[in-house]
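Novice: Once you know that position 280 of the sequence shown is 279 in numbering that gives the first Met the number 0, the rest is easy, because the numbers rise by one and skip nothing.
Any given hint could turn out to be false.
Straight-line distance between alpha carbons at most 25 Å, and here's what the computed DMTMM-like set of lysine to aspartate or glutamate pairs gives [what the hints assert, rightly or not]:
1. 223 with 265
2. 292 with 203
3. 164 with 233
If you anchor each label on the Cβ, the simulated ranges turn out as follows [as the list claims (entries may be wrong)]:
4. 230 with 162: 38 to 48 Å
5. 61 with 253: 56 to 66 Å
6. 44 with 265: 36 to 46 Å
7. 288 with 39: 18 to 28 Å
8. 276 with 254: 15 to 25 Å
9. 125 with 102: 16 to 26 Å
10. 217 with 55: 37 to 47 Å
11. 217 with 125: 31 to 41 Å
12. 164 with 291: 54 to 64 Å
13. 274 with 187: 18 to 28 Å
14. 171 with 212: 34 to 44 Å
Just so you know, the hints here were simulated from the structure itself, not pulled from any lab data. Cβ atoms here follow ideal geometry from the backbone N, Cα and C, with glycine treated the same way.
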Amino acid sequence: MTPVSGATSGAMPIPDYFPDPLAVVERGLAVAPIPPGGRVPALKDWPNRCSNDRAVILQHWPNGSNICVGCKASGMVGIDLDRNHSEADGVESFTELCEQHGQTWPKTFTVQTPRGGLHLYYWAPAGRTFGNTTSRIGLGIDTRGPGRGNGGGYLIGPGSIVGGKPYVVVRDMPVQILPSWLADLLDPPQENTTKPLGPMPAVDNKYVAAAVQGEVQRILDTPKGGPGVPGRNDQLNRSAYALGRLVGAYVLNQATAEAALRAAADAVGLIAEDGPRAVEATIASGLGAGLRKPRYIRGVR
Numbered sequence: 000m001t002p003v004s005g006a007t008s009g010a011m012p013i014p015d016y017f018p019d020p021l022a023v024v025e026r027g028l029a030v031a032p033i034p035p036g037g038r039v040p041a042l043k044d045w046p047n048r049c050s051n052d053r054a055v056i057l058q059h060w061p062n063g064s065n066i067c068v069g070c071k072a073s074g075m076v077g078i079d080l081d082r083n084h085s086e087a088d089g090v091e092s093f094t095e096l097c098e099q100h101g102q103t104w105p106k107t108f109t110v111q112t113p114r115g116g117l118h119l120y121y122w123a124p125a126g127r128t129f130g131n132t133t134s135r136i137g138l139g140i141d142t143r144g145p146g147r148g149n150g151g152g153y154l155i156g157p158g159s160i161v162g163g164k165p166y167v168v169v170r171d172m173p174v175q176i177l178p179s180w181l182a183d184l185l186d187p188p189q190e191n192t193t194k195p196l197g198p199m200p201a202v203d204n205k206y207v208a209a210a211v212q213g214e215v216q217r218i219l220d221t222p223k224g225g226p227g228v229p230g231r232n233d234q235l236n237r238s239a240y241a242l243g244r245l246v247g248a249y250v251l252n253q254a255t256a257e258a259a260l261r262a263a264a265d266a267v268g269l270i271a272e273d274g275p276r277a278v279e280a281t282i283a284s285g286l287g288a289g290l291r292k293p294r295y296i297r298g299v300r
């Protein structure tokens, strides 16, 4: 397999290059305008302003604008194989990545950039979370996704012109679902590192007991997280805050709240990973903040 044949086989070049947002929308994608010749969306809130409504686009699209294809609004993952840097060739890196995993080049709707790179468009698989990455899975391979709690990324759409050169469709076919092996590289399956929950302190009031159990379960259900991605320690702090508000309202004993949070932290491995002192500091921080904002519950004392 060669990068060229893998990337451009079945090419259907477009004779006249111009930014046509409706042609992009027909592929099921959502778009927003980029100023003519530019690379950055014109709208400040572009992740939430991308549209696939033909009527809206016909009425509001500025003439000559380049095209932003929003990953969040489109539900897609974009793979950007960069050829801008001398130290890395994204197309070659992606070819090697496919070979390392025993896979053929995963064909999908593909656009060539003005500098010879490639944009691969894939639908994001349901139930998976994809953020933006830079050379994480290979040198010169950047990815753009719907985002993890933020606006996500975008690709500059076909027909857009930058530096006097167009973004050209080189594989004209429907957008395909991101292959599972690529999805696992970008969104690794979470390992089950939770051990059995230790003894929980008794709480007399049923409502308060349910609140405590609910926060414990949230900690148990939270993924491990990673760089820039909130994880179990963040949830421990939030749960400590929630229970601290009940402690501040005198409906939950502080020692009981601490014991429940400590048991949950131990079950998900936080004590083993971060150490007892770090976990106690997180619990104390959350409880302290909650104590200052009591949550009074009618009928519960």
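Novice: So which of those numbered hints doesn't the model satisfy?
Specialist: 3, 7, 11 and 14
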